Amino acid sequence: MKQNRYTVTANRALAPNVYRMDLAGDTAPITAPGQFINLALDGLFLRRPISVCDWDEQGLVIIYKVVGKGTARMAELQPGASLDALVGLGNGYDVDACPVHPVLAGGGVGVPPLYGLAKRLLAAGKKPSVALGFNTAREIFYDMQFAALGVPVTVATVDGTAGKKGFVTDLIPEGAYVCACGPEPMLKAVHARASAGQFSFEARMGCGFGACMGCTCQTVTGYKRICKDGPVLEYEEILWSHE
Amino acid sequence: MPDTRVSLCGIELPNPVIPASGTFGYGREFAELYDINILGSFSFKGTTLHPRLGNPLPRIAEAPSGMLNAVGLQNPGVDRVIAEELPNIQRIFHRPVMANVSGFSVEEYAETCARLDGCEAVGWLEVNISCPNVHHGGMSFGTDPACAAEVTRAVKAATTKPVIMKLSPNVTDITAIAKACADAGADGLSLINTLLGMRIDLRTRRPVIANTTGGLSGPAVFPVALRMVWQVARAVDIPVIGMGGVSTAEDVIEMMLAGATAVEVGAANLVDPFACKRIVEALPAVMDKYGIHKLSEITGGVHHG
Numbered sequence: 023m024k025q026n027r028y029t030v031t032a033n034r035a036l037a038p039n040v041y042r043m044d045l046a047g048d049t050a051p052i053t054a055p056g057q058f059i060n061l062a063l064d065g066l067f068l069r070r071p072i073s074v075c076d077w078d079e080q081g082l083v084i085i086y087k088v089v090g091k092g093t094a095r096m097a098e099l100q101p102g103a104s105l106d107a108l109v110g111l112g113n114g115y116d117v118d119a120c121p122v123h124p125v126l127a128g129g130g131v132g133v134p135p136l137y138g139l140a141k142r143l144l145a146a147g148k149k150p151s152v153a154l155g156f157n158t159a160r161e162i163f164y165d166m167q168f169a170a171l172g173v174p175v176t177v178a179t180v181d182g183t184a185g186k187k188g189f190v191t192d193l194i195p196e197g198a199y200v201c202a203c204g205p206e207p208m209l210k211a212v213h214a215r216a217s218a219g220q221f222s223f224e225a226r227m228g229c230g231f232g233a234c235m236g237c238t239c240q241t242v243t244g245y246k247r248i249c250k251d252g253p254v255l256e257y258e259e260i261l262w263s264h265e
Numbered sequence: 008m009p010d011t012r013v014s015l016c017g018i019e020l021p022n023p024v025i026p027a028s029g030t031f032g033y034g035r036e037f038a039e040l041y042d043i044n045i046l047g048s049f050s051f052k053g054t055t056l057h058p059r060l061g062n063p064l065p066r067i068a069e070a071p072s073g074m075l076n077a078v079g080l081q082n083p084g085v086d087r088v089i090a091e092e093l094p095n096i097q098r099i100f101h102r103p104v105m106a107n108v109s110g111f112s113v114e115e116y117a118e119t120c121a122r123l124d125g126c127e128a129v130g131w132l133e134v135n136i137s138c139p140n141v142h143h144g145g146m147s148f149g150t151d152p153a154c155a156a157e158v159t160r161a162v163k164a165a166t167t168k169p170v171i172m173k174l175s176p177n178v179t180d181i182t183a184i185a186k187a188c189a190d191a192g193a194d195g196l197s198l199i200n201t202l203l204g205m206r207i208d209l210r211t212r213r214p215v216i217a218n219t220t221g222g223l224s225g226p227a228v229f230p231v232a233l234r235m236v237w238q239v240a241r242a243v244d245i246p247v248i249g250m251g252g253v254s255t256a257e258d259v260i261e262m263m264l265a266g267a268t269a270v271e272v273g274a275a276n277l278v279d280p281f282a283c284k285r286i287v288e289a290l291p292a293v294m295d296k297y298g299i300h301k302l303s304e305i306t307g308g309v310h311h312g
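Protein chains in written order, with the numbering used here: chain A, 23 to 265; chain B, 8 to 312.
FYI, nobody ran anything at the bench for these hints, they're computed from the structure. Fair warning: there could be bad hints in the mix.
Stated by the list, open to error - Far from chain B, some chain A residues (derived; all Cβ distances over 10 Å):
{"hint": "1", "residue": "A184"}
{"hint": "2", "residue": "G188"}
{"hint": "3", "residue": "P195"}
{"hint": "4", "residue": "P205"}
As the list claims (entries may be wrong) - Each pair of labels, with its calculated beta carbon distance range:
{"hint": "5", "chain 1": "A", "residue 1": "D181", "chain 2": "B", "residue 2": "I45", "range": "53 to 59 Å"}
{"hint": "6", "chain 1": "A", "residue 1": "T31", "chain 2": "B", "residue 2": "I45", "range": "34 to 40 Å"}
{"hint": "7", "chain 1": "A", "residue 1": "D118", "chain 2": "B", "residue 2": "P21", "range": "41 to 47 Å"}
{"hint": "8", "chain 1": "A", "residue 1": "A35", "chain 2": "B", "residue 2": "Q97", "range": "37 to 43 Å"}
{"hint": "9", "chain 1": "A", "residue 1": "G65", "chain 2": "B", "residue 2": "D124", "range": "43 to 49 Å"}
Quick caveat: nothing in here was measured; it's all calculated off a predicted structure. Quick reminder that beta carbons are idealized off the backbone N, C-alpha and C, glycines included.
Work the whole structure out from these sequences, hints included.
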């Protein structure tokens, strides 16, 4: 983990209430897809943890949904704004642990970290396929970006306005190895359908780096801090009773 | 060079800055970021006789200039702390550490303190009788003078180390609790623990925190904490550790003027992992600015109008 300053180079809507922010600055602390950054925002005490969608040597991309005061403040930021962030937080997805054909399953604003994962899997010679779930057609984002990577992409919408009518679970072959990120009910349904994989969890956090025990959950292998020991948990260790 | 040293219950510290329990774990995460030996000491995560998972999530909420938490004393239990954390603490920190202890009965407090008594790395026992986030325990001991005194006596009988009782602000008269602890033999007092608070999510109309209520900390509570430190320091003859919203070197000096011998820094560590390093490094220049040559001399130095 490092504390760095970043400059906003772009911040625009991708879908209703969903924004993509590009940040220029040091990305050396990022060691795996699925890690997150913790952003300090003027007028708010706690930092806001947001997963990293993608990164290169010059900067990183985050995609976030406006759900409260913090994300609303983020949406107001203009290019040129400077942000203090803790970077390289959490474990992220283990690319080496993935088989040749993993399924990447994202629900809503859980989709972004899977993009960085897909790129690293491809770079490692693996052939991921991508299943994305949204509520409705106009909320879809990043399906084209995944397709541009040359990976097979399928989409489901709850109301059937695009892709298959139903949930992202309906797109996943029974018994697949799945790397998932999304709301907890989705993760639970995907977990039930998969036979192995890696699941990224979300939590309200205090510090984001393992100090406060604000986001601990119970797992088969003991207590884990979602911020430090997660946010990605192994299929085998997840206990759904932890809520 | 201004002299930042202070003495706390007979133990000399290079400076009065002590990360507060629950915001510094057992030091591991911070030792990866900077050399924590620059700190006066640190108070490790509240430890109980038996392991505790703590409260359901969410445990954390935003507040104006602060935060709420209801972690619920998650810890691996005193035996694992002694076996696994204290050896590591001795590796990363070369001065006495403050052992923060909680309990659910007088006997439990005493037993946990007795087990820590033999630990060389532990300089002081900070006995938390003020946790607002656990039921049938914690704060209930800190809201009644007789109970507070009973815990103090039991812990004093169980240890040879200095005993610092950590007080709750959620009382009508904190000096009554403070005096009860002092009369029962406490070697020092630390205050304040968090102020009981609550937030409601407007969308769901449910409390943001699963425990319904949580403890408020951060700069929002600083003036309340300062006032209580001032009241308690005037009421007792034992050293007082001031805490509650301290985020800067100026806050440290203000707490000491109010009567604090040393100062704990809590919530600031969570939003700025380098907060204590920044405060320690800023202290000499801020002392110079206010004409302070020897920090230990300003304790209780507030003038009365």
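Each hint tested on the structure:
1. Every beta carbon of chain B lies more than 10 Å from that of A184 of chain A, the smallest distance being close to 26 Å; the non-interface claim holds.
2. No beta-carbon of chain B comes within 10 Å of the beta-carbon of G188 of chain A; the shortest separation is about 25 Å.
3. Look at P195 of chain A: its CB is around 32 Å from the nearest CB on chain B, clear of 10 Å, so calling it non-interface holds up.
4. For P205 of chain A, the non-interface assignment is confirmed: its Cβ lies about 14 Å from the closest Cβ of chain B, beyond the 10 Å cut-off.
5. Range check, D181 of chain A to I45 of chain B: Cβ separation about 58 Å, and the 53 to 59 Å hint holds.
6. Roughly 36 Å separates the CB atoms of T31 of chain A and I45 of chain B, a value that falls within the hinted 34 to 40 Å.
7. Taking the beta carbon of each, D118 of chain A and P21 of chain B are about 45 Å apart, inside 41 to 47 Å as hinted.
8. Take A35 of chain A and Q97 of chain B: their Cβ atoms lie about 53 Å apart, and the range 37 to 43 Å is violated.
9. Checking the proposed 43 to 49 Å range against G65 of chain A and D124 of chain B shows it holds: the Cβ atoms sit about 46 Å from each other.
In summary, the structure is inconsistent with hint 8 from the numbered list given earlier, while agreeing with all the others.
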